[in-house]
Amino acid sequence: MQDIKGKLRAFIIDNFILSGQFAEFQDGESFMDRHILDSTGFLELITFLEEHFGIEVADEEMVPENLDSMNGLEAYVLRKRAA
Amino acid sequence: MNEPRAPAVWVSAAPPGEQVCTLTLLHHFLDATAERLPDKVALVCAGKRYRYAELKRSVDALAATLCRGGVRRGDRVAIFLENGVEAVVSIYAAMRAGAVFMPINPLTKGEKLAYLLNDSRAAALVTHSLLREVWEPALALNRRVQTCLVAGTDAAFPDARCTPYCAALDTSAESLEEQLIDQDLAALIYTSGSTGEPKGVMLTHLNMVSAVRSVSTYLGLAESDVILCGLPLAFDYGLYQVLMAFAMGGTIVLERSFSFPVKILEAMARERVTVFPGVPTMFSLLMDIRTLSNYDLGSLRMITNTAAALPEQHIHDLRVLFPQARLFSMYGLTECKRVSYLPPEQLDIRPTSVGRGMPNEELWLVDEAGNRLPNGSTGELVIRGSHVMRGYWEKPEETAARLRPGPFSGEKVLYSGDLFRTDEEGFLYFVARKDDIIKSRGEKVSPREVENALYSLGGVREAAVVGVPDPVLGDAIKAFVVLRAGYHYSEREVIKHCLARLENFMAPKYVAFVDALPKTDTGKIKKTGLG
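For the protein sequence lines, the chains are A and R, in the order given.
The first sequence begins at 1 in my numbering and counts up by one.
The second sequence begins at 84 in my numbering and counts up by one.
These aren't lab readings, by the way, just hints derived from the structure by calculation.
Every clue listed holds true.
Restricting the straight-line Cα-Cα distance to at most 25 Å, the calculated cross-link-like pairs of lysine-lysine (BS3-like) are:
1. Lys-7(A) x Lys-592(R)
2. Lys-592(R) x Lys-610(R)
3. Lys-522(R) x Lys-478(R)
4. Lys-579(R) x Lys-5(A)
5. Lys-602(R) x Lys-517(R)
6. Lys-579(R) x Lys-561(R)
7. Lys-80(A) x Lys-346(R)
8. Lys-609(R) x Lys-592(R)
9. Lys-522(R) x Lys-607(R)
10. Lys-522(R) x Lys-561(R)
11. Lys-609(R) x Lys-522(R)
12. Lys-579(R) x Lys-7(A)
Just chain R, with the same shape it has in the complex (with noise of 0.2 Å):
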């Protein structure tokens, strides 16, 4: 098959009298294409087109604003904002104002909001005014944000930190004195434990100019592709696709969300997508559509999977509905992006596998001991390579349980949590997770904090989350609660009150009220059973 192969860009269109160098931090990947391309489309959202020299030119408006507003070399900046011209803006101008770009997702509520600024001791927040009702609150509680840039308006808010973001762009932008390195961080990405306490993961430009060149490399990118994102920002599969693109000078189209499949059809003709990167559930509702083979979607000549396992007939229905359309099964985690892919061929071969792992990266698996297996066995993945974080912020106990010493003096390598087997020819094949973490809709759900927010309802006196199989979710979320003597809810007045507090991916679809819950002989919940 005949493919557009990738130039190899990876030289920074450099000002003049300076050395041309790789290039080594994240945004000037951005800076480089804007260079070579200042007239393409980056970026087609809302009905608008961006081209690469406007968003350059926005970045570095933002960037300068950011610094004006106290933002220093490392601080955070926390990003607060659906799917947008706003938030892709925002992520690049973090980064040029030396600071290390945050992405909450928009569905957070409040109390976790008002955890995640203070975890983080964000410096600045950017987010939009339909947002208020969640962020107006959690900023009150904060006294470590210097500055707020809402979108959406030009109003004024009552926190004197708040600034219009039209504003912020609407400056001239002195250049900045960039005195970044690739050990500096260029993200914090929260993920969520089996403590109930999110984590955040600190990512380098290092780990991130890695990832974005060993996947893009696999995959095959080039600079004609045009990639159709309806994955949060927020999630390090969604944000990447706006990374690469960038990278390879292609352009994203990015979409808000997959409530109306149609319409993410549309775009898909209308803009001539060749790209689609998806989880299950987006497959399952898209394929659902019965005038599917009315939408024009013959460019499409790629189409990736990962967040969760596609389900064998998923890939032979996908593979039948596009047949001019590679189709990559992928895995891997936020604390190192990516770590397996399977080459397409392979899915005559072994479609549940997930390949042997990507460039630049070293794989094996560990017995309990942490002993290297050989081919054909069961064990924990363990993942070596640039890619893999710096640590989970300010939690060195819990860095210290996935970031163990490797097989190289000095060296650290990621312990995924993950069990896999590998067949003899060292082919992954996921089996478990070690830890409870359920996967609904190809997000993580810590059943603790489902069950946290369970607890804060008056009237639990035990809860215990579980997840059940669903054919469109994956897993889906189940409750099974203890009422306190003298209360009665509704299963809805529950799922309600979770939805209040938790991401709505979170909030259980079923609750089943019990008399008691199985116990361990110490007295702890027994979840083994429970479904």
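Just chain A, same shape as in the assembly (with noise of 0.2 Å):
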């Protein structure tokens, strides 16, 4: 559990992340609401979780509910992996 979270957050922070400003974020918050993903971040994003947990992100599962917070995330890839 604290690996998806931990290696998410890894990435993100180091890809999104920019200093002073955004520099925390809780896992419930919204990426787009805190402007920390863009529709290219998010393509970005989907690249990560399938190269680096092995799922395979079908169009339907390209929603924020899985993909726009830690929680949700990390949801969906349990999800994913357990299917």
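Two independent chains are provided; combine them into the complex using the hints.
Here it is, written out as structure tokens:
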């Protein structure tokens, strides 16, 4: 569990978090609301999910419920792995 | 094809005793529609539905609050919001208060926001608590803004000028005396330029009403139309979807972003959307969805494109996917909103043309000396019409460069800064921009603005920004950087530095570190050949 969130947080901080502003984000916060990820960013996130967690993200799964927060992402990855 | 034809509702539903006259002010269209169709759904947004009468009530209440907050006739009201009901209400409320609405892209970062507020000497700011990291520092540097309405919270802010937006709607709206005429400014829309400093395009009520009339006429928009708008309201293409829908009595389905194309498709199916305005990047994202055919989009009757050229393959694919929809390929610029559209039946004959103009407008091409050119030539496109801007806010030189004497004494015409060629029948084909502005995702990107951001990185000695072709973006932004001795940055670090200062569509996609940049004889950086 830690592993998934830890990896995701590191990826997002490394690629999208800018120094100073937006330095902290809570697990439940929306990436869209905080302007952390935009449409291009979400596509990069999907690539990361597929490459690092070995899942295939279906078109209909590209929704905010699955991708727009740390909590959503973790739950989504767990569901996909369990399936 | 049987299409609903727009009733010519250009007459105000004026109070008894007043002469019925043709509507002249932009916000009167909302008033007239609200009187005619009070219970019709005007706006669908974030799962909520807003009817015309309630929107008008909110507009009137917010306008009264702005006036009580010191907003006077002609004052600028900055609107720094995501697409949402607050943005829509604020746009009309500013006009209702006799002021000038100034929509600012919510992706704008602090330094630029401070510049815009100062340059315009805005008297009021309407914004959101989620954006406070950007506007709070900018507001602290600004003494001109007298009132700041913050949506998304009812908490207090340290700055006494800030009050909750929701409280603003709660007030009674005393009738506001209207003093505006169509020569008064309705909007100030900033646009990027080659110099790196955005310029405010001044648009009068006449400019905007003219544009609403011309565009809605050639599109054949009707009261029964449901328009899905995923374009920023800070961009005139997005803004006019609302302005035209409210003028016709249609419905707007307003989306905040295109980050989740599947959600857009769901909304289009659920709301039985009839009109979809897009830019090529959006069409690419939608057509990439493998399950596209699962969505019932049979209600779609019209698709429009502007801001960037629609590749021929896109045109073909869209027509195959949506055979029942008319596809409009269009061209325009903020300085006059729209210039030309290609009648859909011409797509089979000349798919790469953007048409021969639009109603109530005159166009021609000129050579370097300003001489009018015959059909079959290539030259700069010049536009004449009542939709042409008043000028750039407090920039007389830049204004004089674009608004020049026309063929008739005392008249100014708009030099587009774009090169076109015409065929024998006068149909226009875009050739190139005269300036070095890059179009990425349909958005204007000033290389100079990006270079300025790069130069603010301590280790950058020289920078040159160019556009490189990209199948999805149109053009991608590429930065060539020469570093000072002893400095090292990763590509990602440089991009993130830009993201902190610029709107995301302006940040480079690629950064190339080079030892030196090619120079001209006079020592200026030479960009030709960089790519």
